[in-house]
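Could you slot chain B onto chain A? The hints should help.
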Amino acid sequence: MKIDSRIESQVAQDFSLRKVAGLLEHYTPPPVAGFAPAGNWKHEYTMYLLDPQVSIKSGAFALERFSKGTQSFAMTVQMRASGISGFSLFQHAQIQCRTDTLATPGSWIFDAKMARRPGDKPYLLSGRHRSAKVSDGYLMIRDKLATSRTMIHGPYSNEWTLLEAVQRLPGESMKQIHYTLIDEYDTPQPDHSLAFRTRAKMSVANGPLQLVGYYDLGRAVIPTVYWVDQHGRLIFVCTGLVVYALAATNGQSGICPERYPAYRA
Amino acid sequence: MSADLIASDRPDVPASKSASESQLSRRNFLKSGAALGGLSILGTSQLAAAIGEAQSPAGEKKPNILIIISDQLNIDAIGHYSSYFKDPAYGGHWAKTPHLDRLAREGTSFIESHSADPVCSPSRSCMFTGRMSIETGVVEINIGIDKNVPNMGQWFEAHSNYNRVYCGKWHIGGHWNYPTVSGPRKIPGFDTIPVNGPAFGIHADPQVSNSAAAFIANYREERPYLLVASLMNPHDICYWAMDLDGHETTPATDVNHLGSKLPILPPNFTFDFKYPEGLNPYTAFHGDTQWGNYTYDYYRMVEDIDSHVGRIMDAVRERNDDTVVIFIADHGEELGRHHLIEKWHPYEASVKVPFILWNPKRIKAGVMNTTHLVSNVDMMPTLCDYAGIAPPPHQRGLNLRPLIEQGSTDPATWRDNVYAEWQITGRMIRTKKYKYAMKYQYSGNLDKPYVRKTDGGHTEFIQGHGDEYVQLPNPLLFDIENDPWELKDLINAPGSAAIIEEHRRIQREWEAILIPGHHFDRN
Numbered sequence: 001m002k003i004d005s006r007i008e009s010q011v012a013q014d015f016s017l018r019k020v021a022g023l024l025e026h027y028t029p030p031p032v033a034g035f036a037p038a039g040n041w042k043h044e045y046t047m048y049l050l051d052p053q054v055s056i057k058s059g060a061f062a063l064e065r066f067s068k069g070t071q072s073f074a075m076t077v078q079m080r081a082s083g084i085s086g087f088s089l090f091q092h093a094q095i096q097c098r099t100d101t102l103a104t105p106g107s108w109i110f111d112a113k114m115a116r117r118p119g120d121k122p123y124l125l126s127g128r129h130r131s132a133k134v135s136d137g138y139l140m141i142r143d144k145l146a147t148s149r150t151m152i153h154g155p156y157s158n159e160w161t162l163l164e165a166v167q168r169l170p171g172e173s174m175k176q177i178h179y180t181l182i183d184e185y186d187t188p189q190p191d192h193s194l195a196f197r198t199r200a201k202m203s204v205a206n207g208p209l210q211l212v213g214y215y216d217l218g219r220a221v222i223p224t225v226y227w228v229d230q231h232g233r234l235i236f237v238c239t240g241l242v243v244y245a246l247a248a249t250n251g252q253s254g255i256c257p258e259r260y261p262a263y264r265a
Numbered sequence: 001m002s003a004d005l006i007a008s009d010r011p012d013v014p015a016s017k018s019a020s021e022s023q024l025s026r027r028n029f030l031k032s033g034a035a036l037g038g039l040s041i042l043g044t045s046q047l048a049a050a051i052g053e054a055q056s057p058a059g060e061k062k063p064n065i066l067i068i069i070s071d072q073l074n075i076d077a078i079g080h081y082s083s084y085f086k087d088p089a090y091g092g093h094w095a096k097t098p099h100l101d102r103l104a105r106e107g108t109s110f111i112e113s114h115s116a117d118p119v120c121s122p123s124r125s126c127m128f129t130g131r132m133s134i135e136t137g138v139v140e141i142n143i144g145i146d147k148n149v150p151n152m153g154q155w156f157e158a159h160s161n162y163n164r165v166y167c168g169k170w171h172i173g174g175h176w177n178y179p180t181v182s183g184p185r186k187i188p189g190f191d192t193i194p195v196n197g198p199a200f201g202i203h204a205d206p207q208v209s210n211s212a213a214a215f216i217a218n219y220r221e222e223r224p225y226l227l228v229a230s231l232m233n234p235h236d237i238c239y240w241a242m243d244l245d246g247h248e249t250t251p252a253t254d255v256n257h258l259g260s261k262l263p264i265l266p267p268n269f270t271f272d273f274k275y276p277e278g279l280n281p282y283t284a285f286h287g288d289t290q291w292g293n294y295t296y297d298y299y300r301m302v303e304d305i306d307s308h309v310g311r312i313m314d315a316v317r318e319r320n321d322d323t324v325v326i327f328i329a330d331h332g333e334e335l336g337r338h339h340l341i342e343k344w345h346p347y348e349a350s351v352k353v354p355f356i357l358w359n360p361k362r363i364k365a366g367v368m369n370t371t372h373l374v375s376n377v378d379m380m381p382t383l384c385d386y387a388g389i390a391p392p393p394h395q396r397g398l399n400l401r402p403l404i405e406q407g408s409t410d411p412a413t414w415r416d417n418v419y420a421e422w423q424i425t426g427r428m429i430r431t432k433k434y435k436y437a438m439k440y441q442y443s444g445n446l447d448k449p450y451v452r453k454t455d456g457g458h459t460e461f462i463q464g465h466g467d468e469y470v471q472l473p474n475p476l477l478f479d480i481e482n483d484p485w486e487l488k489d490l491i492n493a494p495g496s497a498a499i500i501e502e503h504r505r506i507q508r509e510w511e512a513i514l515i516p517g518h519h520f521d522r523n
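Top line first, the protein sequences correspond to chains A and B.
For the first sequence, our numbering gives the first residue as 1, with consecutive numbering after it.
For the second sequence, our numbering gives the first residue as 1, with consecutive numbering after it.
If you are wondering where the hints come from, they were derived from the structure by calculation, not from laboratory data.
Ideal placement from N, C-alpha and C gives every residue a C-beta, glycine not left out.
Warning: the hint list may mix true and false statements.
With a cut-off of at most 25 Å between alpha-carbon atoms, the simulated BS3-like pairs for lysine-lysine come out as follows [claimed, not checked]:
{"#": "1", "chain 1": "B", "residue 1": "K186", "chain 2": "B", "residue 2": "K147"}
{"#": "2", "chain 1": "A", "residue 1": "K121", "chain 2": "B", "residue 2": "K186"}
{"#": "3", "chain 1": "B", "residue 1": "K261", "chain 2": "A", "residue 2": "K175"}
{"#": "4", "chain 1": "B", "residue 1": "K361", "chain 2": "A", "residue 2": "K144"}
{"#": "5", "chain 1": "B", "residue 1": "K86", "chain 2": "B", "residue 2": "K433"}
{"#": "6", "chain 1": "A", "residue 1": "K68", "chain 2": "A", "residue 2": "K57"}
{"#": "7", "chain 1": "B", "residue 1": "K488", "chain 2": "B", "residue 2": "K86"}
{"#": "8", "chain 1": "A", "residue 1": "K175", "chain 2": "A", "residue 2": "K201"}
{"#": "9", "chain 1": "A", "residue 1": "K144", "chain 2": "A", "residue 2": "K121"}
A partial selection of chain B residues facing chain A, derived with a Cβ cut-off under 7 Å [as the list claims (entries may be wrong)]:
{"#": "10", "residue": "Y178"}
{"#": "11", "residue": "T180"}
{"#": "12", "residue": "Y239"}
Just chain A, same shape as in the assembly (with noise of 0.2 Å):
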């Protein structure tokens, strides 16, 4: 891809922009639809996988949330990644969280599987349903054959969750926070660090974006920048080889190209 030097300008701000600089002039950002960041609302992301020719979709999540008062909220989690033979990995969730800066969770069921469809029943046993609950410095996992407990220290969020998070965060003022990340539903991990990176100007299909980016470092995840439009909405993650873009909003379409170049610097 030609890049020219409007869009050089941009991605130059940033290097998790690059990832999505071949999608910018394809990409029309959903309506913003009545969202409030504290509200109730669904967001639709795409998920992209970055080859290193051209970026290809790869599969979609969706997140909805349900305010309950001013501490709490549930969020649904609804993720399909695309297997092979038609097949794809259905992931489904509900969680509890706390109204806090990290949307900690407290409490969560969930289930995974492969099927050909949604409704479908799990192929070759690869279905399994479980529940989690964090009380007193552990996180306790059920499923039909044990439970299993494991200590979390500290501030905690949840890698669905924190994207319902980073869009209450205040920008520049905030404070890093160092924090544990339950991978997927189960699995801790520590020492990450969460906190401002950047603002940058761009322009899409439909017209400029005001973003301001949060920058996540730390134990088995990829260095990964979130960025917030000037709606408040998570509108790109950037991390590796992946970037999730908002397709939709309270049921609202944007434009996500099947697939977009990669950028060349």
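Just chain B, lined up with the frame of chain A:
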């Protein structure tokens, strides 16, 4: 599986001892990895006698078998081994791997563990057949195993009642990574849990660990299972370094501000010998900071793999039944060592692989075996023995059960060398002290890779005829015991001639017994 395949894996070689195998002296035959070629041609009762107490008693319920594979994982990246890999440049000082550490603490680890051909497809073909890559025909990536060489799934299907299930990267069927549930891209002998990358561990590995853990948790059949959970990372690091027409890839420039958090460069980042002629050096034009970024991100991928192993092993432990677990990798990653990236090379960073065996009821815990030279071709005969079946003919590996169950550390009870191939026509002989690597000239023709000295014609390898092919100058010789970073090439050092000749002799012995095969692509 066809009957002739069970009796003999190649129409032109009878199931009895081949002429070349007969020519080996008994001592050298038993002490080299070639010994299993001898064991495999014995009858079942003779085989049982040969491996003694390791043979399962008749009627014993067979264990489940779980193979967890990581792709491109350095053995020294496992934290538990940092007491052995003490240099601060080793990975165990930079990555946190609590789940692999626990697996190693509770099982037996081999530190002198080698890939039989340090790149994805060839190595995997060796692991799943017990044969060398020249025999499976998979001497390069993206090609399939010789149709006459049985893979583990086929062999277990024909000789056992194991329920055989494959989940994850295969990459030894042709120009594809992940198997389908049916059709030409289904792995013969295995059912498939249909995960996909397509070549991205970040995408496929969560599918693998979730599905494999679920399979284990849900399994209710009486017959045991043979489950392969084949993870792809930290192989994704390849995308960091791909040089596209002189352009940096996007992730290669990710982190330029981590400072002291970036891992240090290895002692052999610079070295004072030339790459041997014929070695295709995979490298990248990074500055020091970019090398640091590359390594930093690699270790995050290692930690990610560790999490997937933890998820799968949680399911195994929750069942608390009789399951033999093998954790292994197909090859390592250079990480700037010898200023290289990726794998493919005969250096330690490419060739050394983790190899952990776990079963609290059968396998000694807490053993870090630094004495015995092992190879990933040892996986096949070991698992056949746990399944109570004879291994396929012409096995090049050895059954590890006597070591892992009896805790033997006596090197006299074991082979004194391992053999490996590299970059299609390369050869490597590792003895306890030394490593010797050479390369035949590659013709450029995958089906006839060797060049005859006499007329320059291209040819397949013919057993025992290595001296007739053009060899490239500048082979390598390292004293691994005293120079683990391979800083000093001894090939022209005074006193090396006898050492070189001894390693060439071992190479000739290997080449006399190996039966070249042809790749068969199931595209």
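Status of the hints after comparison with the structure:
1. A C-alpha spacing of about 14 Å is found between K186 of chain B and K147 of chain B, which places the hinted pair at or below 25 Å, so the restraint holds.
2. Annotation: proposed proximity of K121 of chain A to K186 of chain B holds, straight-line Cα distance about 21 Å (limit 25 Å).
3. A distance of roughly 20 Å separates the Cα atoms of K261 of chain B and K175 of chain A; the hinted pair therefore holds under the 25 Å criterion.
4. In summary, the hint linking K361 of chain B to K144 of chain A is supported, as the alpha carbons are separated by about 24 Å, within the 25 Å threshold.
5. Restraint check: the Cα-Cα separation between K86 of chain B and K433 of chain B comes to about 19 Å, which is no more than 25 Å; the hinted pair holds.
6. Among the hinted pairs, K68 of chain A with K57 of chain A is inconsistent with the structure: their alpha-carbon atoms are about 34 Å apart, more than 25 Å.
7. A C-alpha spacing of about 20 Å is found between K488 of chain B and K86 of chain B, which places the hinted pair at or below 25 Å, so the restraint holds.
8. About 23 Å separates the Cα atoms of K175 of chain A and K201 of chain A, which keeps this hinted pair within 25 Å; it holds.
9. For a cut-off of 25 Å, the pair hint linking K144 of chain A to K121 of chain A stands: about 18 Å separates their Cα positions.
10. Here the hint on Y178 of chain B is kept, as its CB sits about 5 Å from the closest CB of chain A, short of 7 Å.
11. With a least beta-carbon distance of about 4 Å to chain A, the hint placing T180 of chain B at the interface is held under the 7 Å criterion.
12. Below 7 Å, beta-carbon pairs count as interface contacts, and Y239 of chain B has one with chain A at about 6 Å; its hint therefore holds.
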